[in-house]
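Line by line, the protein sequences are chains U and G. Numbering-wise (the working numbering), the first sequence opens with residue 1 and increments by one. Numbering-wise (the working numbering), the second sequence opens with residue 1 and increments by one.
Just so you know, the hints here were simulated from the structure itself, not pulled from any lab data.
DSSO-like cross-link-like pairs, simulated, lysine-lysine; straight-line CA separation at most 30 Å:
hint : chain 1 : residue 1 : chain 2 : residue 2
1    : G       : K146      : U       : K378
2    : U       : K260      : U       : K413
3    : G       : K64       : U       : K25
4    : G       : K146      : U       : K25
5    : G       : K83       : U       : K25
6    : U       : K299      : G       : K146
7    : U       : K25       : G       : K143
8    : G       : K64       : G       : K146
9    : U       : K299      : G       : K123
10   : U       : K225      : U       : K93
11   : G       : K143      : G       : K83
12   : U       : K74       : U       : K84
13   : G       : K140      : U       : K292
14   : G       : K146      : G       : K112
15   : G       : K140      : U       : K337
16   : U       : K414      : U       : K62
17   : G       : K64       : U       : K299
18   : U       : K101      : U       : K227
19   : U       : K349      : U       : K292
20   : U       : K25       : G       : K140
21   : U       : K367      : G       : K140
22   : U       : K292      : U       : K378
23   : U       : K395      : U       : K543
Bear in mind that the values here come from a model prediction, so they are computed numbers and not experimental data.
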Amino acid sequence: MKRYLILLTLVSFFTGLAAQNTNGKINTRYLRPSITMLFAEPKDADEAILINKFRNLEVPGKFDDHRIQFPDMKPVENTNPAKKTLLENYIRKASNPVIAKWWERDEQGNFNYTLVAKRASYTATDADAIISRGSNTSRIEMLGEQLIDRSYILLYEITDLYTMDEYYDRLDAQNRKKKDYTPAKRTEEGYNCDYKVYAYKVAFNDSVAAEFYNRYWVDAQNPDKQKAAAWADATFPVRLITEAAGSVRSSQTKAKEKNKVKKTMQELLEDIPANIQSGAAFELGRKIEDFKLKVTVFKAYPVTAKLGTKEDLYTDQRFYVYEIEQDRSGNQSTVRKGVVRAKTINDNKGIATGTSLPSAFQQVQGKRIYPGMFMESKDDYGIILNTGFVSSGNKAMGGFHIGADIRISRFIKKPGWHFGIDVAINPFKNVYAGDIETDTRTLISSADMCSGNTLALAVTGSKEMYFTRRGNIYLRPQVGLGIQTYSFSEVGSYSIASDDKDYSWTSYILPAGIGLGYNISPMLSLEMKPGVYLRTGASTDNKESLSQTAAPTDDKWGFGTIGKFSTGTTNTFSLKIRF
Amino acid sequence: MQKMKNTVKITCLLLIVLAGFATETTAQKRKADKDTQNWIYEIEPVAVGSQGSYLIKVWSYSKKPVIAIEQAKKNAVHGIIFKGFTGIQGVPGQRPLTSNPNLEVEQAEFFKNFFADGGKYMKFVNITNDGAVAAEDRIKMDKQYKIGVVVSVNVAGLRKDLEDAGMVRGLNSGF
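So that you can see chain U by itself, here it is in the shape it has in the complex (with noise of 0.2 Å):
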């Protein structure tokens, strides 16, 4: 009795304390949500295969792995206007494991402190260990209070699972409708999966917890058969936070490698699972609040805070670093003074001892940043898309800009690093290329007047560096490999057709620059890059390679050196738009 007691006490004082948070005040830590995976009920053979494989996933590591035995729930057509309800009553009688399992409670029904004390030893921070030392109670065990407050129920359907014949199949039925129908190439095998997934929340609040205690509590020194029989009527209150959906392929092409193993289809199927767990961890990380990284800044310049491993931090990680603000009547509000990406990351596994290390990160946009700010992640999908215009003494390498660059910093564990894609399309109109003819036939002579178009697309490879403390201003340094291409639409007086090969010409390139940019904010970046390029003989789409025997006096679309290397510089002024 005594320690239900001191239970009730602890939970009263740290639910206060959340309710608190919710009152103005803004919630700047981050307590380990636990999750526990529930699916719907396999349809066919195939997703029976991926949910048991989806069932033994580990989640990930920034939460608690809260794993229940709880059968399927039977599915239910989305046209089913009770949906939602049989949904929340699914997940309302898994409740009650959920909470079972966090109090480890046993076949006599007695509950106990164990698990509970665990996981808040896992999630206190190197100031909540000093404090504890300081403390004749132990402020790490009562933090576990908190957790349980954080239980959330993922519940996975999969709503549409298929293989890539399927897929080429519904292509080509889309396809036909269209006037120069050709059937898809069947160069893939394996599965697409559409899913979904529904996060509820399994409420553990004062006065949750207080009737939990009242009416259910047994422990082994305080035996009431009574309580312990109610338990299996005990639901708890869940609420439905938010739902996503996504696709997730798992494919191999079907042509023969050397030196490689293919998988079978089977395994391709049980791929899936992980890719559907992280995917719907990211993007409930950006809709869920309890799932945000939340830290303090430890140090600034360079800008540390103790988050690692146990946090899933990952290379290049964005945060917001906010400054809190309280108003008159108490309010606060946050005001964001930077933006920092995860660095160098810490192994922080294990229990807080008081002296765990930082990881490092880098500013990358806004104002100073100082020890004590509230740092809270920020996860963005890492794509950039630019658009602009290049500008070259060769006009064919120039003109509008487009282009896309992933960053990949997280997979090689190197930040800044991009893999990206960039084009420049220039018209032009009326030019006098000169004479330029292949082995077997005079293309153009030089009193022709030309127009068309020239592309120039490379796929590159960049890193994004940062030599100041602030990060506004960054260096990138890029080389790609693509290729230029020309192609006409008239020659003299004749209007060359679209698919004439014999005027479709194209080049190999090999760009290199550094970018210089600026970021005005999270999202906005603005960039200049001069660059070089070394640009191979043009060929025809037949594979006849070109000369030039006469080049225009004023040659400013690189018709001079079709037929043999050249060289030339490019600046190109773009604005980087990031997601």
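Position chain G relative to chain U; hints supplied.
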């Protein structure tokens, strides 16, 4: 000659700028000292301290958070001697060490020295954090910061010292 004049001008300008910075910092420190002299702070308990100590959070105010952190120790000891604090659930409140509301004025000289920068008060207080003020304890209010610092005050040692100095009566001295 003109070159020398320019050099002198630039040097003077630099000196003025530097003096400005120094004055500003000194002024901020003076303001914080003044706040401390007026004892503008709040105390709340954090947890039951280990034997003979209180674990409290002191909220101090300053335009510069760093200065507020510096003042926290002084404020904490002052609070324990003269103000005490009210309890929260699980942590009982504590009365001040002195019951004489005029003690600070009556013994102004003693306490001026006691709370001087680097004074004796420092013996009885330790900051209890991992090296940074927690984010929820660094709050900007209007044009100043409210900074909460968790400190452990060695109340047993503090009481004994004040008893020895005749500032407070011993617990065994009766009524």
